[in-house]
Amino acid sequence: MSVIRIRKGHDLNILGVPEKKLQHLQRPVRLELCPLDFRGIKPKLLVREGERVNAGGAVYRDKGRPDILFTSPASGTISSIAYGERRTITGITIDLDKSDIFEDFRVSDADHSDPSSIRSLLLKSGLWPVIRQRPFSGIADPDVSPKAVFVPAMPTAPFAPDIFMQLDGKDRAFQSGLTLLARLTGSPVHLVIDEKNSSPLFTGAEDVILHRFSGPHPAGNVGIHIHHIAPIRHRDDHVWYVLPQDVARIGAFFLTGRLPVTKVMTVGGEAVEQRQYLGFMQGSLIGDILEGNPVSEPARIISGDVLTGTRRDLQKPIGFYDEVVSVIPEKTGRDFIGWLSPGMRKYSVTNLFLSRLFPSGSFSLDTGLNGSERVMIPFGNIESVLPIDIIPTWLIKMIIARDIDEMEKLGIYECDPEDFALCSFVDASKMEIVDIIRDGLDYIEKNG
Amino acid sequence: MSVLRSLLDRVEPHFSKGGRFSRFGALYEIVDTFLYTPGTVTPGAPHVRDAVDMKRSMFTVIIALLPALLFGIYNTGYQADPGAGLLQNMQTGFVAVLPLIAISYIVGGLWEVLFGIVRRHDVNEGFLVTGLLLPLTLPAGIPLWMVALGISFGVVIGKEVTGGTGYNIFNPALVARAFLFFAYPSEMSGDAVWSMADELTRATPLAVASSVSGADGVYLLKEAGYTLQQLVIGRFPGSIGETSKVAVLLGAIVLLVTRIGSWRIMTGGLLGMTAASLIANAMAPSFDNPSLYLTPVHHLLMGSFAFGLVFMATDPVSAAQTDRGRWIYGILIGSLIVMIRVLNQAFPEGVMLSILLANAFSPMIDYFVLRQNIARRQKAYARQ
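Chains A and B, in that order, are what the protein sequence lines are.
For the first sequence, the UniProt record's numbering begins at 1 and goes up steadily by one.
For the second sequence, the UniProt record's numbering begins at 1 and goes up steadily by one.
Just so you know, the hints here were simulated from the structure itself, not pulled from any lab data.
Since the model is a prediction, treat every value here as computed from it, not as a measurement.
Among the clues, some could well be false.
[Unchecked claim] Partner residues are not named here, just some residues of chain A that face chain B (Cβ under 10 angstroms, in silico):
id: 1; residue: 14
id: 2; residue: 91
id: 3; residue: 93
id: 4; residue: 97
id: 5; residue: 99
id: 6; residue: 310
id: 7; residue: 328
id: 8; residue: 333
id: 9; residue: 337
id: 10; residue: 347
id: 11; residue: 350
id: 12; residue: 371
id: 13; residue: 377
id: 14; residue: 379
id: 15; residue: 391
id: 16; residue: 426
Note that the Cβ used here is the ideal one computed from N, Cα and C, for glycine as well.
Just need the whole structure built from these sequences, with the hints factored in.
Dropping the structure here:
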């Protein structure tokens, strides 16, 4: 099998990489569900404050596509519902019972091969949202048949959990999840692994087409895989993708009939004391995840990796799709004539600092913007970290100009903000390229 | 230093929105971010950022220009009095060159700040480069008022009328030079302008090589005492920064290693120049044009080919902005330079005109590269 070699990109050499030591969190007393984790859904509540709910019991659904249910990962009582601006639901808090009562989904062997019952069981159990759809990275549309399904099994993002740690002991569930996805869609399932991966769990996987990629981040991003294997032609050209851990959850659900609610994640970053792997329950509050793990202030807590995650405080849960909690120092203070310094300790992808000449260990990276915002000067560093055949400078210009026709031609449907995170990272003009791409996608989704 | 910082912090409210001097926010920003790195933190993902910024990038170009500047200062003194010794030459050169640079920065800087204030945007670091590039392309004896006029034209017409830094079509320093070249031809070219001392006049290599029709340009150069070695070292009359190829090479290395200058443009330029001059060599016996005999090495070492290719053609804004486009753009410049030098006897030095012409074409080059990219990706879909 040939290897697709990614040359453009960059592996962030940042302090605080998690140790490969897995600990399981104690059962929390409280969980929170956050509808804002899902792009493009309008939540409609199915429960009221004070109502009881089982593990796997529906809590809310999408107004637009009422089949898509969102369920509780554990049994307990709905204790509060928080609203934000214009009465958007920002959080649903559940006080947990001492132990779980699971909703019984009555999965029978017959359900394993019939696409319509696979679909309805996934929808009913609340597992459906783990399947996402490009373009636009929303929850997969159950009424659509995708041309391909991707399972990106080679995370390259900073602090991303090791795939073997996540799937340890879940071989059967993972394989059966892959098979179920193939049956559900009837389309090819592309399993993408690292060049060096020789584990039979992947190389011997059935019902999939195996691909190997190599290279620096974002070589592990699903957007890069889609671009090289099954590029998206237009807005109705649908590709689905599921994270490997969620594939195993789908498999486990059909094997046991119970909603699997725990996942493996990492805690990383320079500003947190123990950087480790944790087994946690979906919806756990970051405060519970970091309990007994001192954070050196001032710090920024991020649900997700430092390139693509969202800022969260301790009272909020880890994002639905996130498998990393990163804690990095918040920038304080200003350096005197910083632009003139030789830069022995400054981290840069460019060769403008002495630190590039003497590579030594990992770097401390804080949240400083490290410069002022300026107009776009195309030095070519944006292009040097984007391993797809799309010309980012022009795409950005066309998004700013709101030219839908050109955006389409230049390939915006293939784009996702996460693939452009490194572009934002290296940009000397300090433009918010990620936001521009997201803005362009939102605009074209609404008006295209 | 904390005294300085607290002083800046104390006056900041007056310059920020709603303050007494909010119109002059651009001025505060220059001083503030020149002295201290901005304390801004990232608003969202990505939460960490590369240490690179525009100040650092532009400052690197200044570093790359330093060898050419220092040698230019020395050479200016040397042309005035070859027998005076290194120190004396440096001193003479310094006295002659420094005012040019100072005027260029002061007058150009005033325009920049004025536009920054009127348009309410921050002043861009790109001017640091423009302000130094222009004097380096001028003869040392040029009157100061002309420099002031030139940089004004370059900044206002070459850059600000099209929207300011980042939006300019032409390289502002070259626009300034072109303005001076056509407005004041007698001060910008000819044998008399290159030396500070009136009694010393000597033709530049390019003028020599195209001087006698029916001759061989390489032979004419040798006759006039211009050996290849001398052309490399650069102790001959010419614009301040262009003569020493060693200095330009040092600058090129800085730009290439830091990737601030595009290697594609530079390589493309060399390729285009080599191809065009080999064609010219092949045609040489049939015509009585001495310049046709010049080899690629001579073209590389004469005039401001090297300086222009390294520092002017690689201006990221006015050049082509796609990787493939940069190749085409470089090749275009390299071949145009030879064509203008060889075929148009009125302009023995074609670098400035070639680059400006290529600047005009670069949006079109990018346009075709983009169409090609779109077509290629459509083919990739079709293959699925």
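We went through each hint and held it up to the structure:
The interface hint given for residue 14 of chain A is met, as the beta carbon of that residue sits about 7 angstroms from the closest beta carbon of chain B, less than 10 angstroms. With its C-beta approaching chain B no nearer than about 19 angstroms, residue 91 of chain A sits outside the 10 angstroms limit, and its interface hint is violated. Hint on residue 93 of chain A is violated. Least Cβ distance to chain B is approximately 25 angstroms, over the 10 angstroms limit. The beta carbon of residue 97 of chain A is not positioned within 10 angstroms of any beta carbon in chain B (closest approach about 36 angstroms), and the interface hint is therefore violated.
Proximity of residue 99 of chain A to chain B is violated relative to the hint, the smallest CB-CB distance being about 37 angstroms (cut-off 10 angstroms). Because the closest C-beta pair between residue 310 of chain A and chain B is about 7 angstroms apart, less than 10 angstroms, the hint holds. The interface hint given for residue 328 of chain A holds, since its Cβ lies 7 angstroms from the closest Cβ of chain B, which is under the 10 angstroms cut-off. Of the supplied interface hints, the one on residue 333 of chain A holds, with its beta-carbon coming within about 7 angstroms of a beta-carbon of chain B, less than 10 angstroms.
Checking residue 337 of chain A against chain B by beta carbon gives a least distance of about 6 angstroms; that is within 10 angstroms, so the hint holds. Proximity of residue 347 of chain A to chain B holds as hinted, the smallest CB-CB distance being about 6 angstroms (cut-off 10 angstroms). The beta carbon of residue 350 of chain A comes within 5 angstroms of a beta carbon in chain B, closer than 10 angstroms, and the hint placing it at the interface holds. Among the interface hints, the one on residue 371 of chain A holds; its C-beta lies about 2 angstroms from the nearest C-beta in chain B, closer than the 10 angstroms criterion.
Below 10 angstroms, beta-carbon pairs count as interface contacts, and residue 377 of chain A has one with chain B at about 5 angstroms; its hint therefore holds. Annotation: interface hint on residue 379 of chain A holds; nearest CB of chain B at approximately 5 angstroms, less than 10 angstroms. The closest approach between the C-beta of residue 391 of chain A and any C-beta of chain B is roughly 6 angstroms, which is under the 10 angstroms cut-off, so the hint is satisfied. The restraint placing residue 426 of chain A at the interface with chain B holds, with a minimum CB-CB distance near 5 angstroms, inside the 10 angstroms limit.
When held up to the earlier numbered hints, the structure conflicts with 2, 3, 4, 5 and fits the remainder.
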